[in-house]
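J.: Chain by chain, the residues run as shown.
There are 2 protein chains.
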Amino acid sequence: MLPVAIDAMGGDHAPAAIVEGARRAAVEIGVPVVLVGRPEDLDPLRGDLEVVAASQVIGMDADPGSSVRTMKDSSLVRAAEAVRDGRASAMVSAGNTGATMASALLRLGRIKGVARPAIATPIPVPGSTPTVLLDAGANAECQPQWLVQFAQMGAIFSRERYGIAEPRVGLLSIGEEPTKGNPLVKETHALLAAAGALDRASARFVGNVEGRDIMTPEVDVVVTDGFTGNVALKTLEGGMRSLVTAVIEGLSTTDVADAALGALLPLYTTLDPDQTGGAMLLGVDGVCIISHGSSSATAVVNATRVASEMVQAGVVEHLRSAVASA
Amino acid sequence: MLPVAIDAMGGDHAPAAIVEGARRAAVEIGVPVVLVGRPEDLDPLRGDLEVVAASQVIGMDADPGSSVRTMKDSSLVRAAEAVRDGRASAMVSAGNTGATMASALLRLGRIKGVARPAIATPIPVPGSTPTVLLDAGANAECQPQWLVQFAQMGAIFSRERYGIAEPRVGLLSIGEEPTKGNPLVKETHALLAAAGALDRASARFVGNVEGRDIMTPEVDVVVTDGFTGNVALKTLEGGMRSLVTAVIEGLSTTDVADAALGALLPLYTTLDPDQTGGAMLLGVDGVCIISHGSSSATAVVNATRVASEMVQAGVVEHLRSAVASA
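Sequence lines, in order, name chains A and B. Residue numbering for the first sequence follows this note's numbering, starting at 1 and increasing by one per position. Residue numbering for the second sequence follows this note's numbering, starting at 1 and increasing by one per position.
Keep in mind that the hints were calculated from the coordinates and are not lab data. Heads up, some of the hints might be wrong.
Remember, identical chains collapse to one label, so a pair may be satisfied in a single copy or spanning two.
Stated by the list, open to error - Each computed EDC-like pair below joins lysine to aspartate or glutamate, with the alpha-carbon atoms no more than 16 Å apart:
no.: 1; residue 1: K186; residue 2: D272
no.: 2; residue 1: K180; residue 2: E141
no.: 3; residue 1: K180; residue 2: D41
no.: 4; residue 1: K180; residue 2: D61
no.: 5; residue 1: K180; residue 2: E249
no.: 6; residue 1: K112; residue 2: D285
no.: 7; residue 1: K180; residue 2: D63
no.: 8; residue 1: K180; residue 2: D274
no.: 9; residue 1: K72; residue 2: E317
no.: 10; residue 1: K186; residue 2: E176
no.: 11; residue 1: K112; residue 2: E317
no.: 12; residue 1: K72; residue 2: D41
no.: 13; residue 1: K72; residue 2: E40
no.: 14; residue 1: K72; residue 2: E50
no.: 15; residue 1: K112; residue 2: E237
no.: 16; residue 1: K186; residue 2: D255
no.: 17; residue 1: K72; residue 2: D274
no.: 18; residue 1: K72; residue 2: D285
no.: 19; residue 1: K186; residue 2: E317
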């Protein structure tokens with residue numbers, strides 16, 4: 001397999017944590033990797049990993065569009081080019097999410113027939129496989145036809161990533177009835193309910209779902225526009241953080257703290273964003289994994305593993321087939 | 001004070017749990033109450049509480065608009081009429097939310113100048129006062145001017161309900177920058193940022209907030225359209241339920257279960273929807289408290305207490321003043 005190109009300069013803890021994660025991915029899971037970034041920063045850290053030189057770094061808060069257009073020698077743009085030019089099999093970045101999307105979109109292009117790429121984010125579900133939520137923020141405004149493609153692509157991702165043979169796809173709304181919701185949801189519902197809409201993705205439309213269904217085993221893929229999806233994702237992240245913090249505080253003052261917190265460790269691991277392996281930008285013509293900004297080395301290992309798995313599963317080809325009918 | 005009219009027929013556990021809650025509210029917190037519903041169902045339960053007779057019951061899943069129009073002798077419609085006619089000070093229902101809104105809107109009417117009423121739902125924040133989220137589902141589609149009124153009304157509710165002198169109002173979006181979000185958010189941001197927008201509500205606009213801010217002490221009121229608000233609310237409810245269940249399961253198999261779960265009891269109480277006292281429909285010309293469908297007797301006690309407090313605080317008059325400039 002061609003190496004996975006890792007943007008060594010992106011993320012709150014770059015480059016140290018990113019490079020450490022890349023090295024661990026190479027050793028622990030045997031995935032070939034190549035670092036992309038400033039040689040002078042990476043040489044002291046890289047060990048025997050190779051470096052694709054890139055002299056610029058797009059800041060975490062930089063404007064995505066203009067920075068990708070003007071910073072042609074940035075690590076993000078060079079990582080995307082490595083995939084485009086067949087020097088890497090996939091790209092991974094914990095950097096500026098908007099700039100990661102823009103780099104991938106501009107350098108890899110879209111899969112033929114895809115109207116808009118979408119960010120597919122796995123939401124952990126205790127005791128079950130994660131629910132794939134998309135679009136988690138790529139497109140603040142959407143058209144119904146785009147959401148149908150998100151459903152098709154999300155189903156492919158659910159199957160290849162979590163082994164769900166016939167993913168159950170729900171449309172996020174504010175009631176189960178097809179008549180509930182805003183115009184986008186009502187129109188999308190009709191399109192998804194039409195015969196054959198998800199046939200090429202081997203998926204099943206289960207109708208509208210509500211926010212409370214996302215973190216349950218009742219649905220495998222939840223489709224929504226990027227505004228609503230991003231709000232839902234961040235609301236859940238904030239709620240989880242608030243509750244986990246309160247649970248730890250509540251237990252840590254007791255004399256059973258060690259035993260109690262130990263018993264919750266598996267749950268904590270399930271919810272740990274470093275364990276999910278990152279989100280995938282579905283619809284660009286290549287594998288692009290978006291890891292969260294605060295990624296640790298472990299997050300990079302998991303993101304690299306997912307990138308490698310998605311390459312080996314041929315997910316881009318499957319996406320191409322699934323949307324070909326659109 | 002005039003009695004609080006309690007829809008005795010609405011809710012998953014009606015009428016028994018509702019009547020029990022009403023009786024406890026009368027005894028424990030000294031709020032005068034009157035039950036609304038079918039005398040034959042209520043007579044065996046009501047003790048010395050009075051009953052406003054209503055022969056019909058709007059089902060939890062009934063279509064709100066048509067049921068309120070056709071079921072003129074329903075407990076919900078009669079409860080709203082009791083407020084309108086000056087026989088009750090407020091209404092409380094754990095029944096069909098849409099029908100509660102429709103009854104209140106049709107019988108009480110809107111406060112002069114209010115474009116659309118909104119559901120204001122308190123979101124518990126561990127260690128702090130709840131955040132008021134609105135609109136939590138009354139209006140799936142909104143205009144920017146309506147959201148400005150939601151901000152004004154939510155601030156009044158936050159002040160009267162939680163004693164926040166100068167509530168911090170955030171606009172729910174997918175990034176802090178005013179340029180992020182969908183067109184509704186961008187237009188609303190400009191209106192809320194304009195000088196004087198929240199002056200009559202004695203509130204302060206703190207700009208865009210993200211989903212992760214809702215359950216933190218950083219903001220007192222979060223404004224959004226009813227689609228996004230309902231998704232955020234239910235996503236949070238589902239996530240909390242999932243996590244609380246997993247925590248209880250994780251701890252209950254240990255030999256420190258009693259001590260650990262006991263230490264988490266205050267947190268559990270904070271998050272218990274029966275404790276929040278329900279949501280308030282802001283913008284109708286009267287106090288209308290919407291309790292969740294699975295309300296227990298304790299939930300009814302708390303909803304009745306909140307109804308009484310909102311009446312005594314003169315919240316409808318404050319709302320009238322706050323939106324008068326719109």
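J.: Give a verdict on every hint.
T.: The hints, checked one at a time:
1. K186 with D272: neither (35 Å within a copy, 33 Å between copies)
2. K180 with E141: Classified as between; 11 Å across copies, 19 Å inside a copy.
3. K180 with D41: neither (54 Å within a copy, 33 Å between copies)
4. K180 with D61: For K180 and D61, only the inter-copy Cα distance (13 Å) is at most 16 Å; the intra-copy one is 37 Å.
5. K180 with E249: neither (40 Å within a copy, 35 Å between copies)
6. K112 with D285: Classified as within; 8 Å inside a copy, 55 Å across copies.
7. K180 with D63: between (36 Å within a copy, 11 Å between copies)
8. K180 with D274: This pair counts as neither: shortest intra-copy Cα distance 36 Å, inter-copy 26 Å.
9. K72 with E317: Neither way: K72 and E317 sit 28 Å apart in one copy and 59 Å across, limit 16 Å.
10. K186 with E176: within (11 Å within a copy, 29 Å between copies)
11. K112 with E317: within (11 Å within a copy, 59 Å between copies)
12. K72 with D41: Close neither inside one copy (19 Å) nor across copies (75 Å); limit 16 Å.
13. K72 with E40: neither (18 Å within a copy, 78 Å between copies)
14. K72 with E50: neither (20 Å within a copy, 77 Å between copies)
15. K112 with E237: neither (33 Å within a copy, 39 Å between copies)
16. K186 with D255: neither (53 Å within a copy, 51 Å between copies)
17. K72 with D274: Neither: 29 Å inside a chain and 56 Å across chains, both beyond 16 Å.
18. K72 with D285: So K72 and D285 fail the 16 Å test inside a copy (20 Å) and across (60 Å) alike.
19. K186 with E317: Result: close neither inside a copy nor across copies, 30 Å intra and 38 Å inter.
Going through the hint list in order, the structure does not satisfy hints 1, 3, 5, 8, 9, 12, 13, 14, 15, 16, 17, 18 and 19.
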